[in-house]
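Visitor: Which chain is which? The protein sequence lines are F and Z, in order. Position 92 (the first sequence) corresponds to 92 in the working numbering; numbering is contiguous. Position 48 (the second sequence) corresponds to 48 in the working numbering; numbering is contiguous.
Derived by calculation from the structure, the hints in this document are not laboratory data. Source: prediction; values computed, not measured. Mixed in with the good hints there might be a few duds.
As the list claims (entries may be wrong) - Partner residues aside, some chain F positions facing chain Z, computed with beta carbon under 8 Å:
| no. | residue |
| --- | --- |
| 1 | ASN193 |
| 2 | TYR194 |
| 3 | PHE195 |
| 4 | LEU261 |
| 5 | LEU266 |
| 6 | SER313 |
To be verified - The calculated label-pair distances, taken between Cβ atoms and stated as ranges, are:
| no. | chain 1 | residue 1 | chain 2 | residue 2 | range |
| --- | --- | --- | --- | --- | --- |
| 7 | Z | GLU15 | F | PRO125 | 23 to 33 Å |
| 8 | Z | ALA115 | F | PRO25 | 31 to 41 Å |
| 9 | Z | ARG220 | F | ASP33 | 45 to 55 Å |
| 10 | F | GLU168 | Z | PRO223 | 24 to 34 Å |
| 11 | Z | PRO125 | F | LYS311 | 26 to 36 Å |
| 12 | Z | GLY290 | F | GLN136 | 35 to 45 Å |
| 13 | F | GLN136 | Z | GLU251 | 36 to 46 Å |
| 14 | F | GLU122 | Z | GLU34 | 55 to 65 Å |
| 15 | Z | GLY290 | F | LEU69 | 13 to 23 Å |
| 16 | Z | GLN292 | F | ARG103 | 12 to 22 Å |
Glycine included, C-beta positions come from ideal geometry on N, C-alpha and C.
2 protein chains.
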Amino acid sequence: MDPIITRSDIEEAHERIKPYIHRTPVLTSHSIDELAGCSLFFKCENFQNVGAFKARGATNAALNLPADLLAKGLATHSSGNHAQAIARAAKILNVKSYIVMPRTAPEIKKRGVRAYGGEIFECEPTLAAREETLAQVISKTGATEIHPFNNYDVIIGQATAAKELFEEIKNINMVLAPVGGGGLLSGTAYAANYFSPDTVVIAAEPAGSDDAYRSLKSGRIEPAQSQSIADGLLTTLGDKPFAIIKSKVAEVITVSDEEILAAMRLVWERLKIVIEPSAAVPVAAVLKVGDQLANQKVGIILSGGNVDLEKFSKLLSS
Amino acid sequence: MDPIITRSDIEEAHERIKPYIHRTPVLTSHSIDELAGCSLFFKCENFQNVGAFKARGATNAALNLPADLLAKGLATHSSGNHAQAIARAAKILNVKSYIVMPRTAPEIKKRGVRAYGGEIFECEPTLAAREETLAQVISKTGATEIHPFNNYDVIIGQATAAKELFEEIKNINMVLAPVGGGGLLSGTAYAANYFSPDTVVIAAEPAGSDDAYRSLKSGRIEPAQSQSIADGLLTTLGDKPFAIIKSKVAEVITVSDEEILAAMRLVWERLKIVIEPSAAVPVAAVLKVGDQLANQKVGIILSGGNVDLEKFSKLLSS
């Protein structure tokens, strides 16, 4: 049986989006390695355009649309980074973007969407409310929905982050990515499959929103409970990513908000880079399982850096 | 008349310390450029070993000591980053280090000194108390003092940061460095003198500790008042750096703590990197003078990233 996504799908997507995305650096830290007991390679998507890996998938999906559809604009619902990524892709391609965001989305992410000329439609922070609002927007505008994760072009775009990591660092034993809707994780799994086939793919998830953990156990998609400071990971898995994750991801490690906050602080203090709570989730997972990774080469996709400084400051000083 | 510091002094120092320091990246940001109205090139010494440019000068001075002196160890007084830099240099050279620190120094910096095996002697946060305590330590141990800024080997070492910037980015119109004791600023001025002679050198200083501003006006060293969140810049100018600054620095721009905090936030949010308040001072200066720099190529030495996250969080959430 042919796979859903081919090697050349990812290679072609990478070439397609290259003019519009950064090849982000891979950082290392002796002091974090000492704490973790293994060699960590941090793929810094916090330095990506719009501050997150989401620029990859959104740009790939937009560039793949036929001209007549594209002309009517792009639409999506997103809690944050994908929203900015779609607004940016629309701006690059000179079309309109219509973004449905939960009213609880961080202000910094709303500002980002507006800065790219995106039109925001606020809704209640539930999947049902998002989908309903989006359907209304689409029926009015004729825009094409680019789903944040349940879309193969998006998944293929996200795969290019891990592809770059594997090109730069050879013989990585395992790679960790955070999981929310599953776009980054499933893309990372496909990238490992083709570009570093001996690498074990591990998911990291907030314990307060452990739907991927439970879904892999039960074999069917379980709804997210949405309780975590990792605001980018509160969505339920999509069926397209889930099918990939079921066959290609070895394990889901869950971590508490305290562990996420401690990992975020550690990265800020030692690597001197700003990452958002969602990006700290795989770091927390590595620190949690510690000994199991002893002396391994471990890749971590640092998914983004769009943190709400006020909110984080309150957490840190409380 | 021969200059105090020659071109080959700096070139030889650079070769000497290269095995022990990072060649730090130069970052840019479209969105900060838009705000500032000029092209900014951020030399990221927050990514340097010990999290600050201080690793350069301390390592150069230590490597230049005769073996018999070196064997008795290194000593210094410092409010923070230089302390860690000396402790690290001593560890690399396998000798002891004795560090006099004001009791008000940030905990993160004390932890850093201890992590490198440095022995800390706490004192009151005044120059007199620091010098007295250091004299006692030296008379007991026979260690050699490496002053944080009033030392030519240290100044020459600090010059290598701007040298790297000028090697990477050509035709910089002006370069800004923060000024506390004057080591980084005087080194930057010498680096411009030899490696980018058309570049204007500008100092940036907290308004609450504007001794360099007043000293350049009066022509003699004025004492610092030491009131600013930029805790690395509260010392009075040394006479060695001052002589250089008088002849080679065009201007001192002073900025308020509010401006420093806003600049720090801006860098965290847009560049996604962690810088300490002292490093934000030249960024604040650029944003303050705005129009005067229109369309210029402006280099900024981001001096370090050792921020006390608790303290900063309280400032941000207050």
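Visitor: Now tell me, hint by hint, if it's right for this structure.
Guide: Each hint tested on the structure:
no., hint, in the structure
1, ASN193, "30 Å, violated"
2, TYR194, "29 Å, violated"
3, PHE195, "26 Å, violated"
4, LEU261, "11 Å, violated"
5, LEU266, "10 Å, violated"
6, SER313, "4 Å, holds"
7, GLU15/Z - PRO125/F: 23 to 33 Å, "58 Å, violated"
8, ALA115/Z - PRO25/F: 31 to 41 Å, "25 Å, violated"
9, ARG220/Z - ASP33/F: 45 to 55 Å, "49 Å, holds"
10, GLU168/F - PRO223/Z: 24 to 34 Å, "51 Å, violated"
11, PRO125/Z - LYS311/F: 26 to 36 Å, "33 Å, holds"
12, GLY290/Z - GLN136/F: 35 to 45 Å, "44 Å, holds"
13, GLN136/F - GLU251/Z: 36 to 46 Å, "57 Å, violated"
14, GLU122/F - GLU34/Z: 55 to 65 Å, "27 Å, violated"
15, GLY290/Z - LEU69/F: 13 to 23 Å, "43 Å, violated"
16, GLN292/Z - ARG103/F: 12 to 22 Å, "42 Å, violated"
Going through the hint list in order, the structure does not satisfy hints 1, 2, 3, 4, 5, 7, 8, 10, 13, 14, 15, 16.
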